[in-house]
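Asks: Here is what each chain is made of, one letter per residue.
There are 2 protein chains.
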Amino acid sequence: MTGAESLIRTAAALGVEVCFANPGTTEMHLVAALDEVSGVRGVLGLFEGVCTGAADGYGRMCDKPALTLLHLGPGFANGIANLHNARRAHSPVVNLVGDHASWHVHADPPLASDIESLARPVSSWLRIAKSAGDLARDGAEAIAAASRLPGSVATLVVPSDVAWGEASGPASALSLQPPASVDGTRIESVARVVRSGEPTLLLLGARGLRERAQRAAARIAERTGCRLFCETFPARMERGAGLPVLERLPYFPEQVIELLGSVRNLILAGVSEPVAFFGYPETPSRLVPDDCISHRLAEPEEDVALALEDLAAAIAAASEPGGAEWVTPGRPTGELTPATLGAAIAAVQPEGLIVMDEAATSGLPYFLASAHCPPHTYMSLTGGAIGQGLPCATGAALACPERPVLAFQADGSGMYTLQSLWTQAREGLDVTTLICANRQYRILRIELGRAGVPEPGAQALALTDLSNPSIDWVGLGTALGVPSERVESADAVVRSLERALAEPGPHLIEALL
Amino acid sequence: MTGAESLIRTAAALGVEVCFANPGTTEMHLVAALDEVSGVRGVLGLFEGVCTGAADGYGRMCDKPALTLLHLGPGFANGIANLHNARRAHSPVVNLVGDHASWHVHADPPLASDIESLARPVSSWLRIAKSAGDLARDGAEAIAAASRLPGSVATLVVPSDVAWGEASGPASALSLQPPASVDGTRIESVARVVRSGEPTLLLLGARGLRERAQRAAARIAERTGCRLFCETFPARMERGAGLPVLERLPYFPEQVIELLGSVRNLILAGVSEPVAFFGYPETPSRLVPDDCISHRLAEPEEDVALALEDLAAAIAAASEPGGAEWVTPGRPTGELTPATLGAAIAAVQPEGLIVMDEAATSGLPYFLASAHCPPHTYMSLTGGAIGQGLPCATGAALACPERPVLAFQADGSGMYTLQSLWTQAREGLDVTTLICANRQYRILRIELGRAGVPEPGAQALALTDLSNPSIDWVGLGTALGVPSERVESADAVVRSLERALAEPGPHLIEALL
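Order-wise, the sequence lines are chains R and X.
Numbered by the numbering used here, the letters in the first sequence go through residues 1 to 513 in order.
Numbered by the numbering used here, the letters in the second sequence go through residues 514 to 1026 in order.
Treat the hints loosely; a few may be bogus.
[Claimed, not checked] The calculated label-pair distances, taken between Cβ atoms and stated as ranges, are:
| hint | chain 1 | residue 1 | chain 2 | residue 2 | range |
| --- | --- | --- | --- | --- | --- |
| 1 | X | ARG1012 | R | ARG495 | 37 to 43 Å |
| 2 | R | GLY452 | X | GLU864 | 49 to 55 Å |
| 3 | X | GLU629 | R | GLU258 | 51 to 57 Å |
| 4 | X | GLU629 | R | SER172 | 35 to 41 Å |
| 5 | R | LYS130 | X | ASP696 | 39 to 45 Å |
| 6 | X | GLY682 | R | GLY452 | 54 to 60 Å |
Hints listed in this document are in silico derivations from the structure and should not be mistaken for laboratory results.
Glycine included, every Cβ here is placed at the ideal spot set by N, Cα and C.
Kindly generate the complete structure, drawing on both the sequences and the hints.
Replies: Written out as structure tokens, the structure reads:
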């Protein structure tokens, strides 16, 4: 068999089921191998950022990697922004990047570029495959690297002669080390802190936002009175009725500083100390005040849930509180605003919904409104590289075909990877895309003010404006095969959302704000 | 003034007129500076690949750089593919990349990444600005580096504290070295070759495809009987009535090997020896047979036109042939095929048209049909990173507002950077986009066959298919503000093209092949 077939066969044997592909000439043997091997399904994206973002969403929901299949340096480059987000999300992703035949690179053909230099910033594991005979083993190592908790991005560059060369067969699985567990000394040290009675905030991130970890955290809060927060941009968080109501760490640095001003101990579970998203004059990077002491309970790569359970046991926090009551909020009426839009989603969202929130300045009211909704999964933009929402929702829908997905999407960010809609249509995915059409980069209007430009000039206004011409999202969605409609009132968005979420297959709703 | 203002003021003083921008928070002071300074016009792209591709097209037509304004590592990454193409095109481009405040990077905020590693593969000049006081000088050096013949990509990373810090004023221009001229020894050496009477092929690339260089080449061919060819993927080539009819170096390696099999001397003017675009089993990288000798007359960074004129003088090639006659081809009728589509463009194209050809497998018939058309400029995809056509046409139209532009565009490639259409609509650019809708990645079907998969399986077919669902380009164009229509016959495309090219402003024609 070819090296390509040995690689795909290895991936299939190790449980890989999906390959988000945008292939080119150098990947033809890998494409052919998808037909030789059963079990790995190729899903076409019309732009590489769709493929990498979909792999991120898939990895968040499945806790195992999908493959991406990308074309040389420039094809990989088109996928970097969403790999950056995947890296920040700790998502397991395995990139296969076709390259020129190893003997051809020296000729500097037009598509040659330094793939290693491009890949290193977003890859925790990176290898240029050297021989067809070793390719299966390379693939097994890439999959193991990506799968190691909490998950990361592995990139395997496959020269085309390595893909088409002769290999003996697939590789066997590598044993995965279990996640490191937190030792008793650290547990006991944190236990002393939370028992102190001082104002304490327990900040959860990464796997600390899964159900088991949250339930342990709720017991700790019940016992000690500490406040429970989630990180600002969770990769994946279980939420809703029956789970604890977590507060959310704010976005702007001065808000975090103010919040932590009344906190004496900050317990970190699956998350690092909060830092400013951007640097501003007169504002520090580090947001923890000097009289607030940070305590690292568990790193993202450790077993966060077990650490929280051990901590709960150490302080004899036996009783689990009831969690959020199941409350169906009323249906909003009247004008369409971020507040009524958020209320509309909360009013109609079905149990098991996966919400991918890249709604930017239109998003927070929904988060606040939905803590008591039916149990659901919440995902957000982890790395700040916009254009992640539509692909991530696409991947999540492929990962969980039995669950509806809502892509809650800002219009400016949505334009980066709108090709995702076509993949949703092709695959018949149950994704409802809700476009928050405020027709501007509103966050930049806010940031201009923060930068000392309260009244932007003509150029600054133009460079933050999306209204000339207005983007017709209904037209875009329809053109890419997704049934689409526009709504201009809260009442209408409630009706449209309810219908779209109930019907299978993709839908798009452009909500004019 | 701020560092940002000193930088933009410097750029304006050095003749920079356009900034293709997709800014974020870290670029707000640079955006504000565009309002402080007159002369640099911000043009918004809704995705960074639009900005970098537009800067490429602008640079090709203006022979001076535009700025791009990009947001940290991920924003830069979204522009890499078209910077790769710009690098291969020798286009002058100056990227300004906002970064976190220098003191904030150590905190590893979500958007932090290794921008240098990402930028190096596509940047011939790369600098991280260190102080507001030096930023203007950094900018002047970037502009000088990008402008040095034949043009290249310069990237200046601007930490936000450098942008907002205090600067004293703009920098003065740096003196540009004139291009190196080819010395008499090399001219005389090549003169002996072309006088030999042996079968000789003169291959022109880069600035060797401008009018002056071509006219000198035509005199050499007239005198010696050598054949004149252009490189396979010219960045910018003047063509049509009055200019010599150049043949075009073929794409597939076996075609080049066959062509050169009958050639004894290959003269290279502004171009390197041809190499295979991709490596295939049993096919060499280097396509020049052993009994064909390459002679480098002029490198791209040398004065190619002068070298050709000196060579013409050295062989006393005084008389310039008449060049292509002005022939208006007949209008095709009947079925729409790549041949009739190419004939349709050739039949109606006005004098001065700029053609950006990213039509891939649908493109060659047009090239062959248009040698005798009214004088026009032809541009092609230089680096193989698809998604360059629509942005490049956008930039060319901004560079040459008095000339109509045709974006002759494959459907698969067009999807990568379709956001360009919105910028065309916003700026009222005179671009006609002609989509060759064959609804597949046809080149990959061909390459599958070359890879030994003559009958692709279900997955290989699906991964090269764009028909399920069909992309509605009329819907996409309309949704982004561009008047759009669909044609299904040669007669109809002639009528639509003629109308669209005559009317100002952008148009889109989806030609169903």
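Asks: If a hint holds in the structure, say so; if it does not, say that too.
Replies: Tested hints:
Range check, ARG1012 (chain X) to ARG495 (chain R): about 42 Å between beta-carbon atoms, so the 37 to 43 Å window is met. For the hinted restraint 49 to 55 Å between GLY452 (chain R) and GLU864 (chain X), the CB-CB distance of approximately 50 Å keeps it satisfied. Taking the beta carbon of each, GLU629 (chain X) and GLU258 (chain R) are about 36 Å apart, not inside 51 to 57 Å as hinted. For the pair GLU629 (chain X) and SER172 (chain R), the supplied restraint of 35 to 41 Å holds, since their beta-carbon distance comes to about 39 Å.
Taking the beta carbon of each, LYS130 (chain R) and ASP696 (chain X) are about 44 Å apart, inside 39 to 45 Å as hinted. Separated by about 20 Å at the C-beta atoms, GLY682 (chain X) and GLY452 (chain R) break the suggested range of 54 to 60 Å.
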